[in-house]
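Undergrad: Sequence:
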Amino acid sequence: MDNQTPLRHDHYPTTKAEYEAELTETENEHAAELQKVEQKVQGQVSRYLLFGAVSVVVNIVLFYLFYHTMGIEYQIANFIDWLISVQVSFWLDRQFVFMHKSIKEMGTFYMTRIITFLIETVLLWFGVSVLSGNKTIVKVIGHIIALVLNFFVSKKLVFKNQPAPAD
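When you read off a place in the sequence shown, starting at 1, and then add 12, the result is the number in the numbering used here.
Simulated from the structure, these hints should not be mistaken for laboratory data.
Do not take every clue at face value.
[Said to hold, decoys possible] Below, a list of computed lysine-lysine pairs in the BS3-like style, where the Cα atoms sit at most 30 Å apart: (1) Lys113 x Lys28; (2) Lys113 x Lys172; (3) Lys168 x Lys116; (4) Lys147 x Lys113.
Being a predicted model, the structure only gives us computed values, none of them experimental.
Full structure from sequences and hints, please.
TA: Listed below in structure tokens is the structure:
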């Protein structure tokens, strides 16, 4: 087919050249949209890592204070620091990572965090009680695993309704 041969359909474009031009334009628009999505995801991940680090520091410092300084049993210390660090994490994630304005996600946020808390608790019990590992090191490992799970759960279940603006 040459560039001026009409294609067999009744809507725009009517020639092969017009069709190819529109196809190229559509591909370019798609590539631009894909780049925006990739930048948004990279921005969210970067912000989550930054503010997640703050949550991790709060969590680990509180665990250390409760367990080592105050002598609270390690599972109870873990629960208390979890309650406080989840609240810190909710406000940081809501405001700075996923950029939501509402607090209506708090219930879902806590429900998903309970699941990862249970995972972290089992890991802590296993690492300390079964493997006799260092409580603080096991706590850090368990919290890192929970942190990774929390990002995906927050992105897919908690803060899914209102997309964050592109960076």
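Undergrad: Hint by hint, note whether the structure agrees.
TA: Each hint, compared with the structure:
1. Between Lys113 and Lys28 the CA atoms are separated by roughly 48 Å; this puts the pair beyond 30 Å, and the hint is violated.
2. Between Lys113 and Lys172 the CA atoms are separated by roughly 13 Å; this keeps the pair inside 30 Å, and the hint holds.
3. The suggested pairing of Lys168 with Lys116 holds, with an alpha-carbon distance near 16 Å, which does not exceed 30 Å.
4. Taking the CA atoms of Lys147 and Lys113, the gap is about 37 Å. The hint is violated against a cut of 30 Å.
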